[in-house]
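Trainee: Sequence:
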Amino acid sequence: MLKKFDKKDEESGGGSNPFQHLEKSAVLQEARVFNETPINPRKCAHILTKILYLINQGEHLGTTEATEAFFAMTKLFQSNDPTLRRMCYLTIKEMSCIAEDVIIVTSSLTKDMTGKEDNYRGPAVRALCQITDSTMLQAIERYMKQAIVDKVPSVSSSALVSSLHLLKCSFDVVKRWVNEAQEAASSDNIMVQYHALGLLYHVRKNDRLAVNKMISKFTRHGLKSPFAYCMMIRVASKQLEEEDGSRDSPLFDFIESCLRNKHEMVVYEAASAIVNLPGCSAKELAPAVSVLQLFCSSPKAALRYAAVRTLNKVAMKHPSAVTACNLDLENLVTDSNRSIATLAITTLLKTGSESSIDRLMKQISSFMSEISDEFKVPGRAWNTRCPQGEEDTVGLLPAARIDPGADPAFYWSIYPEAEVPDHMVILLPFTSKLGRKVKSKMCLLNYLLLDLEGPQ
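Okay, so the sequence shown: first residue is 1 according to UniProt numbering, each after it adds one.
Watch out, some of these pointers could steer you wrong.
[As the list claims (entries may be wrong)] Quick list of simulated restraints, FRET-style, between CB atoms:
hint: 1; residue 1: S16; residue 2: D207; range: 51 to 61 Å
hint: 2; residue 1: R338; residue 2: E68; range: 53 to 63 Å
hint: 3; residue 1: A210; residue 2: C169; range: 17 to 27 Å
hint: 4; residue 1: G115; residue 2: F171; range: 41 to 51 Å
hint: 5; residue 1: N80; residue 2: D188; range: 49 to 59 Å
hint: 6; residue 1: N119; residue 2: N337; range: 36 to 46 Å
hint: 7; residue 1: N179; residue 2: M265; range: 53 to 63 Å
hint: 8; residue 1: G58; residue 2: D188; range: 39 to 49 Å
[Claimed, not checked] Below 16 Å or equal to it, Euclidean Cα-Cα: the simulated EDC-like pairs (lysine to aspartate or glutamate) are:
hint: 9; residue 1: K238; residue 2: D253
hint: 10; residue 1: K168; residue 2: D133
hint: 11; residue 1: K283; residue 2: D248
hint: 12; residue 1: K300; residue 2: E256
hint: 13; residue 1: K50; residue 2: E30
hint: 14; residue 1: K224; residue 2: E284
hint: 15; residue 1: K238; residue 2: E256
hint: 16; residue 1: K205; residue 2: E243
hint: 17; residue 1: K50; residue 2: E100
hint: 18; residue 1: K283; residue 2: D253
hint: 19; residue 1: K75; residue 2: D133
hint: 20; residue 1: K217; residue 2: E183
hint: 21; residue 1: K317; residue 2: E264
hint: 22; residue 1: K300; residue 2: D335
hint: 23; residue 1: K238; residue 2: D207
Hints in this document: simulated from the structure, not taken from any laboratory. This structure is a prediction, so every number in the text was calculated from the model and none was measured. Positions of the beta carbon are idealized from the N, C-alpha and C atoms, including for glycine.
Take the sequences, apply the hints, and build the full model.
Mentor: As structure tokens, then:
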């Protein structure tokens with residue numbers, strides 16, 4: 001029996017893993033309990049948990065011993081305990097690739113799949129599809145079609161997701177379930193509609209015309225699921241990239257219309273898709289940038305982070321398109337979330353004016369040593385755009401000195417090796433002298449300070 005630990009033990013680290021010292025042979029010996037009558041559901045469920053733990057920890061089970069344990073486990077279907085039954089489903093899925101003759105449970109799973117207990121039907125569908133190969137699939141095809149259009153959302157979603165997995169080995173069979181998938185796509189349940197559209201897309205993804213028709217059909221009648229909207233946006237943007245279509249395409253109009261959706265995830269997905277489309281002009285980016293600007297003032301940290309990171313990406317190619325967001329970005333410089341603040345500053349370094357360099361550099365210097373190298377790169381772009389700001393930028397270097405014990409091949413002050421040439425071989429006359437001066441003072445590994453500029 002599991003020992004219970006209270007919250008205090010967990011926080012102090014006093015609680016130990018009850019399965020830490022399990023031995024495979026001992027657990028397989030315990031599995032003989034499955035043959036006893038009457039069945040003890042609690043004890044058997046605990047033993048199944050041990051078996052699953054060993055498998056997930058990478059313990060190797062031989063084919064013979066796995067098959068013996070699997071056959072013993074099949075007798076547990078005589079019990080109607082819901083917890084034990086769900087553990088059986090999980091064990092079947094995990095041992096399907098290890099044990100032999102796992103199809104012995106097909107009849108039991110089919111019975112649960114078509115039974116009246118809704119809590120069993122969804123997991124039974126997933127377990128059955130896990131042990132089914134291409135030769136057996138036609139035998140359960142009728143049951144799968146019924147499950148796809150089932151009125152219970154969990155059963156329908158289980159069948160749709162399982163069908164996606166079966167596409168890899170039995171595409172021709174699953175392709176015949178398109179009519180049922182289309183019926184499921186009109187479901188009021190957001191997950192069922194999402195999974196149905198996913199199945200329809202993967203069946204048709206090699207037929208560009210069929211994909212365009214699917215997008216046109218579902219976008220014209222509207223979708224209830226925000227997840228389905230996000231998927232359709234990704235499919236539409238992929239089609240635009242492959243076709244190199246103009247921005248007058250209905251696909252682009254659909255993506256742009258999603259910027260006015262009531263769901264935040266759909267709005268962001270649409271903005272992100274527009275930003276990542278190749279060859280977008282500043283004018284075409286404007287609606288997406290406006291939406292991202294609104295997200296910068298969102299009370300949700302995740303939304304602020306997503307917005308400022310996407311604006312950072314836009315600023316790399318179209319800094320002028322992000323200039324209108326500078327005021328909102330400056331407000332994020334003092335954000336309590338350090339990642340958001342850092343992204344805001346690095347974006348402003350690409351879009352801001354030279355007059356703002358002093359204030360930005362003072363704000364970022366307080367936590368320069370805590371941020372990752374990817375956020376320090378924009379400083380190079382600033383030095384190229386405004387060489388007079390080099391003194392402020394180089395002033396950040398003393399904030400984080402090199403670790404004397406670090407590998408000299410990988411560390412140059414606070415800058416990674418990839419950034420060294422930008423400070424060592426500097427083409428701007430104003431900056432080269434100052435950069436060499438600070439570098440030579442800071443570099444504790446002085447033999448690294450040898451380059452074209454070093455002898456001067």
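Trainee: Could you run down the list of hints and mark each one as holding or not?
Mentor: How the hints compare with the structure:
1. S16 <-> D207: 51 to 61 Å: Between S16 and D207, where Cβ atoms are some 56 Å apart, the hint holds.
2. R338 <-> E68: 53 to 63 Å: Hint holds: Cβ distance 54 Å, inside 53 to 63 Å.
3. A210 <-> C169: 17 to 27 Å: holds (22 Å)
4. G115 <-> F171: 41 to 51 Å: Since the Cβ atoms of G115 and F171 sit about 29 Å apart, the hinted range of 41 to 51 Å is violated.
5. N80 <-> D188: 49 to 59 Å: violated (32 Å)
6. N119 <-> N337: 36 to 46 Å: Since N119 and N337 have Cβ atoms about 40 Å apart, the given range 36 to 46 Å holds.
7. N179 <-> M265: 53 to 63 Å: Distance hint for N179, M265 is violated at roughly 30 Å.
8. G58 <-> D188: 39 to 49 Å: holds (43 Å)
9. K238 <-> D253: Holds. K238 to D253 sits at ~14 Å (cutoff 16 Å).
10. K168 <-> D133: Given that 16 Å is the threshold and the Cα spacing comes to 11 Å, the pair holds.
11. K283 <-> D248: Given pair K283, D248 holds - Cα atoms ~13 Å apart, limit 16 Å.
12. K300 <-> E256: The given pair, whose Cα atoms are some 23 Å apart, is violated under the 16 Å limit.
13. K50 <-> E30: holds (10 Å)
14. K224 <-> E284: violated (27 Å)
15. K238 <-> E256: Answer holds: K238 to E256 is near 15 Å, not above 16 Å.
16. K205 <-> E243: holds (14 Å)
17. K50 <-> E100: violated (20 Å)
18. K283 <-> D253: holds (14 Å)
19. K75 <-> D133: Given that 16 Å is the threshold and the Cα spacing comes to 23 Å, the pair is violated.
20. K217 <-> E183: With Cα atoms ~13 Å apart, K217 and E183 stay inside 16 Å; holds.
21. K317 <-> E264: Answer violated: K317 to E264 is near 25 Å, above 16 Å.
22. K300 <-> D335: Within the cut-off at roughly 12 Å; holds.
23. K238 <-> D207: holds (13 Å)
The earlier numbered hints that this structure contradicts are 4, 5, 7, 12, 14, 17, 19 and 21.
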